[in-house]
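Next come the chains, spelled out residue by residue.
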Amino acid sequence: MASGAIERPMVFSNNDRPGVMLASALRTYANRFAVAPAKRAVIVANNDTAYDSAIDLARAGVAVTVADHRPAIASGIAASAAALGIAVFPGTGIADVEGGKEVSRVKLSGTHRASIDCDAIGLAGGWSPVVHLTSHGGIKPKYDETIAGFVPGGFASTHSGAGAMMGCFGLAATIAQGANAGARAASTAGFGKTRPVLAPEHVADRAYAILPVWAPPQEGKGKAFVDFQSDVTAKDVKIAQQEGYQSVEHLKRYTTLGMGTDQGKTSNINALALMAMHRGITVPEAGTTTFRPPYSPVTLGAIAGRGIGRHFRALRRSPLHDWHEQNGATFIETGPWLRAWYYAWAGSTPETAYIKEMEVVRHNVGLADVSTLGKIDIQGPDAAEFLNRIYVNGFAKLPIGKVRYGVMLNDDGLVLDDGTTARISESQFYMTTTTAQAGEVMSWLEYLAQCHWTDLNVQVASLTDEWAGMALSGPKAREALALAFPDTGVSNEALPHMGCRDIVFEGVAIRLLRISFSGELAYEVHVAADYAIALWEHILQRAAPLGIKPYGLEALASLRIEKGHVAGLELDHRNTLDDLGLGGMAGKEKEYIGKALRFREDCQSPERWSLVGLELLEPHKKLRGGSILFAAGDEIKGHGRGYITSVTWSTELQKFIALGLYQGGLKHEGEEIVCAFPLKNEQVKAKIVSPHFIDREGTRLHA
Amino acid sequence: MLERVSALATAKPFKSAVLELGEVRGITLTQAAGLDAEFEAKLAAVAGGLPAKAGQSAEINGRTLMRTGPAQFWIIAPQADDLGGMLGYLGAVTPLSHSRTRIYLEGAAARHVLAKGIPLDFHESAFTPGMFAMTGLHHTPVLVHCLSAQRFEIYVPRTFALDIWEWLTDAALEYAS
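In order, the protein sequences belong to chains A and B. Each step along the first sequence adds one to the number in our numbering, with nothing skipped, and position 350 is 339. Adding 1 to a residue's 1-based position in the second sequence gives its number in our numbering.
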């Protein structure tokens, strides 16, 4: 390794003015870019390498003054400088800098308290070896007094270093060290004999002869910057020490020292030394922070690929996605999912299309993709007991081949999620969750099984990706099912409401669940995901004589509003069972998660915001989701008495209806209230009604 | 006859001199899990052995076995595998063949592309043939399996598969020609 060294700045008043830079930077302008960076430059130095820059600048025609902190300067260097007309002031530093938009003058400190006009200042505070590579490898750097800097604390077995990174700042010494390191590397790589290499001709080494100078001269009154990137001054370091942030790690975090894009390459050593000085300890006792990769700033995109545009976040597609795409679906994002919103057969805008799709389901039969529902396999001798503890209602005695609607609470006693669970065998259940909470419920079940109830022999596995689901809904759903699966008995007796059957069709396992989200006679057909498109097409084709049509998410969500089923919008983790009108489901005797806290005083308050239905009283106006609800006569101001969670046009009632949460809930049934939508400055009148807008007796479900 | 359709049916192919992406179709993936004390012994008797430790797959009787959790295994086999039937009720046996899309990356650039998205050490000395890891790629939980120095397979949840494919082929653009 020969990673070199980086020159250090010096700390003094107003050292951040434009035109102040490292002496090596001035030298780079002159030598690499052939640009004279200044007419008159002052170089402030504490070591001999400063004269490398001073001499090169003088040769480029710059008038150079060197303010050298050291009281004495080697005669050879002094003579070289003098020959080029460089003015050298020993025992001198910079007290202050004048000039706002550019440097105009410096005031010297120490022996020669003169002011000198200049337009650039070079900082030659010595060199910090680049110890990053060994530091990244876990080897702590060690402090070398002779160079007043950190060098590698060692090397991995097959590595060695040479040159400035080792604290060796002379050309001859570097060449010799490089030859040695190269020979060692060759030998390590298996090349036994090495031949001596002829060193190139070069001038004799000058010394380094550094006199460490850390503190800014007393005379300056301006800010003396230590870290130019993070604006950390010498005073900040002093304050950190006074406040007790004395360890280098605390200093870094208190001041943001070394947190810029250069990660302290130029600033750290000065700050450490200042802190050591304030604490009355040595630099190695103060220690150093750890360098971590990368060495140079690298964008995360360069390392990790792109997280922009299409790839900003992951997108989930249903197993039926390709069919939807090829058959006129318009998609909508719901969480990570891209779902079929509505289909072209029903219209070209969502406002019109979902109404036609709803009508197909209410009067005929429709098919919807419900693959996004969470699906969980629960198995084990204790699976029934497991479910019985999770759901508020009983599952211990659910018969095989039956499905039950269930609600679960979190341990605060608030509603977590709902869904259905079917009993497949004595020891196996098939749970569905809402789309929105699928991941959360899965994690919750795993957590309970693995951490809380290790006495239960139960295993859970996510089947959300394994199974596709499609809802076949409408008064003609049974006819459609019979056409699709002619060898399966699907009569009301063979597959009653809340029944479940596993069948095999053309060699493929299919699960039929007679459950309904829409409120109509309905079935869910679940199948392993790769078969989803073929089965979907099969059902549509066989049931075509009935006029079956696909329906999308907008219709799916609207149908359930008419039926009064709560969904993600109502299940927002803030509501109790009673708020949602589900309190009667909870087992009185059995234990379940959330039972104790469900009965907290606040959770039982009769004034809680709870579920109501709303009917719009003003034809030709609209109800809007998110509207704030006020009692008639209330001032329309603030958070009101509740809000609308879900809204739809009801094809059955031919008016806008909504579900919402309202203070006191159905106690106010029949009252006229105001729904305010401040974003559009709208206020409309609505009536509080039962949230079950259609078929309260469930005749359609049991048909 | 119901035809199977891959989650990657519409995916744009990717093949260059240093990298090829593709899907391994026609597999049986079975998850077996159990809590009773004899579960592992009984599973070993049926399968012909078990992997000794987590993170390292075992090839036994034409199947690949992986420990994926406490007392939980993935068993991957060719499409026609009767293992599920043979297991009977050992513990919880869950067919997951459709739940994961098995994407392979093969070629000299495979490790570089994986390293862009997966926070694991993909150096040849660190991630060696037979090793697998359950990790994340582009916000998606995946299992990545090293088959040989230049071949890897990622088991991606099916509903994320096309998105991961698109992410991978985007990440691999620099190796496209």
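Keep in mind that the hints are not guaranteed to be accurate.
Stated by the list, open to error - Here's a subset of chain A near chain B, in silico, CB distances under 8 Å, partners left out: (1) 368; (2) 497; (3) 518.
To be verified - Label pairs and their calculated CB-CB ranges: (4) 11(B) / 475(A): 24 to 34 Å; (5) 394(A) / 175(B): 15 to 25 Å; (6) 46(B) / 482(A): 56 to 66 Å; (7) 588(A) / 62(B): 54 to 64 Å; (8) 297(A) / 55(B): 31 to 41 Å.
In case anyone wonders, no lab produced these hints; they're calculated from the structure. Note that the structure is a prediction, hence the values are computed from the model and not measured. Backbone N, C-alpha and C fix where the C-beta goes; we use that ideal spot for every residue, glycine too.
Each hint tested on the structure:
no.: 1; hint: 368; verdict: holds (4 Å)
no.: 2; hint: 497; verdict: holds (5 Å)
no.: 3; hint: 518; verdict: holds (4 Å)
no.: 4; hint: 11(B) / 475(A): 24 to 34 Å; verdict: holds (32 Å)
no.: 5; hint: 394(A) / 175(B): 15 to 25 Å; verdict: violated (52 Å)
no.: 6; hint: 46(B) / 482(A): 56 to 66 Å; verdict: violated (44 Å)
no.: 7; hint: 588(A) / 62(B): 54 to 64 Å; verdict: holds (56 Å)
no.: 8; hint: 297(A) / 55(B): 31 to 41 Å; verdict: holds (35 Å)
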